[in-house]
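S.K.: Letter by letter, the chains look like this.
2 protein chains.
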Amino acid sequence: MKIEAVDFFYLSMPEVTTEGDGSQDALLVRVAAGGYVGWGECEASPLVSIAAFVCPMSHGACRPVGASVLGQRLERPDDIQRIAAQIELDSMDLLQAPHTWSGVEIALWDLLGKMRGEPVWKLLGYWATYGKLPYASQLFGDTPAETYQLAVAARAQNFRAVKFGWGPIGRGNLQTDIEHFRAAREGLGKDCLLMVDVGQIFGHDVEAAAARLPILAEVGAVWLEEPFHTSALDSYAALSRRGTVKLAGGEGAHNFYMAQHLIDYGHVGFIQIDTGRIGGIGPAKRVADYAVSKGVRFVNHTFTSHLALSASLQPYAGVRTDEICEYPFAPKALARELTSNHLLRDSDGRIVPPDAPGLGIEINHEAARRYLVEVEIKAKNKVLFSSNAQTDTSV
Amino acid sequence: MKIEAVDFFYLSMPEVTTEGDGSQDALLVRVAAGGYVGWGECEASPLVSIAAFVCPMSHGACRPVGASVLGQRLERPDDIQRIAAQIELDSMDLLQAPHTWSGVEIALWDLLGKMRGEPVWKLLGYWATYGKLPYASQLFGDTPAETYQLAVAARAQNFRAVKFGWGPIGRGNLQTDIEHFRAAREGLGKDCLLMVDVGQIFGHDVEAAAARLPILAEVGAVWLEEPFHTSALDSYAALSRRGTVKLAGGEGAHNFYMAQHLIDYGHVGFIQIDTGRIGGIGPAKRVADYAVSKGVRFVNHTFTSHLALSASLQPYAGVRTDEICEYPFAPKALARELTSNHLLRDSDGRIVPPDAPGLGIEINHEAARRYLVEVEIKAKNKVLFSSNAQTDTSV
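Chains as they are written, first to last, in the working numbering: chain A, 1 to 395; chain B, 1001 to 1395.
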């Protein structure tokens, strides 16, 4: 069968704020082939990602992503890899391409799974799935008192692991950060796993990050996430050598190599991959395999919908030793409502990706329509994209 | 003064083909501040790069590039660095951002130079410029006979260095490649420098690239350029260890770190930077400084206009030991006609960046208008970009 159509749906909350909450909009992707439909999600700027699918060709190595996808053969996982390799060459100079391709790639896996009647994790070669312990992922409060309340609330929902991120950390003085870290631990109690994410705030400044290590060790943080720019490998390595707290990073990786380098040169203890950015499920699985071989723990990065969550769990679903997963705890209504079913914790407090074919997630079409944004892109006297003129406008 | 306006002009040849010729379109950027105007050029997909400037915000770390630029203070080089740092945080999750920002950054340097009455290379701290030996940069012919003719033609124009790239190399069998390399050397004669660029064709396959090393050594190639994906550092390192021909790469770097890693981990002998992609002149200068400290040669990557050429020479204009430069030899009419003046070879066959304020390049407005492409981008019920509604439509 051939890939007949790829449609993009830009969804957004009515109001988008500057908070570091990635669930305020979404780019949903639908792929049709041979009577089947697959769904995926890009974790990226929706408008720019759509533009990268439809833009005019600039030259042989700067072609739109769509040129490598539409009309291609799709029968087996190898076909997805073949298309990915073609994009790597033909869209080499189109920087946004991996972010666009990620959502399409995920949809292709979903479609292939539905066609074969198998969950994606089986297509990836796993025989079984192992439950992952979800950590409630949320932003720090504006004040330590607020952080404390958020910690208490997460514990009240029986989360055994909680991550706090971004917010005021690294933007004020050290003492404020210390108070936030202590408030988080106090609110969570002694036994709850605590992770801390500082969203690249220290750039490549090793000493600024290192100043936070003693307090992070004191509150028993499992990891310090993204102290630096994704590519500041030397800074990662220098901070890793301090040894007191393991480092985590990788959500910014937009290809396999970037993740590999964070492991080999940055010496992270946890490699965090967003399938919606790295080029989809294929390269994420390759990172999971590589991490196992290097004794590094693979963790998903997911801050949006349960469609993205299912896609992000597939790459390491069958790895028993990688048992932590990020779980969007308090996403915006759009991300909650986008899917009809959700990955809920079992009696052991763990989640597994669905056994249903593909990604096992159903789109809530009514909700998707409600958040749909109208988009029109024209260039060279052609309408390149119109949200009103897609194959089937009914989401 | 404040940055008052940033306008983008998408220019294109009437026909764009799949050949690897990056001069088939261009994204010209004009910045206005305090009564001055600066010009820059992005080496990237024009439509996608415009979208990254105007797109709606997705969240605090995925803001449009424009949000960090418009209205900002611009008095000194530090201001450009400050804006760059803000984009690094506020557009962290917008993959296309560095490609968009590059052209804007270049225009800001041009404007600052004009305001101060100084060439950009002086603003960068250089006291003098040193002539660069331009290599005529062109694509391989479709056949070895054609490659031979192209080599003869370049020599007839007195180029003392010539680079052949892309085309059929690595796409057929080894014997064909051998014939192309020999044809190039025969056409150039004994004394002309010969560089070979294979445009990432070997992905990360070290042995496929290594099979070409003996013939490249035989024809005396100065370097083998881009055998692999920009981020395939291990493959670069493995091929470097073979030792027979120096490696060159880096045009795909979209931040300082990527160039640094090609030097430190990939062990390239020549680091090639496109100021229109890496984030502009500032990070390119940082790479030039780093390369000097590591005994690696800095070379510009430029395949488009002389505006881009001047911008790409500034970062290493004052480094005497880096004496080779890429010179767009046979660009499309658009790239030739876009500027009123050109960087021509002196009696010694060398070129230097202009002594005139800024980048010292004048835009040919009539030509720019002739190649202008109409673009309109609408989302969320707003016109985000219209080529007809810019500050001043007269280019």
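Check the hints yourself; a few may be wrong.
Covered by chain B, per the in silico footprint, the following chain A stretches (three or more residues, Cβ under 8 Å) [claimed, not checked]:
{"id": "1", "region": "52-63"}
{"id": "2", "region": "114-121"}
{"id": "3", "region": "184-195"}
{"id": "4", "region": "220-232"}
{"id": "5", "region": "249-255"}
{"id": "6", "region": "363-377"}
Since the hints were derived computationally from the structure, they do not count as laboratory data.
Beta carbons: idealized from backbone N, C-alpha and C, even for Gly.
S.K.: Now look at each hint and say whether the structure bears it out.
M.R.: Right, here's what the structure says about each hint:
no., hint, in the structure
1, 52-63, "holds (count 10)"
2, 114-121, "violated (count 0)"
3, 184-195, "violated (count 0)"
4, 220-232, "holds (count 3)"
5, 249-255, "holds (count 3)"
6, 363-377, "holds (count 5)"
Checked against the numbered hints given earlier, the structure breaks hints 2, 3 and satisfies all the rest.
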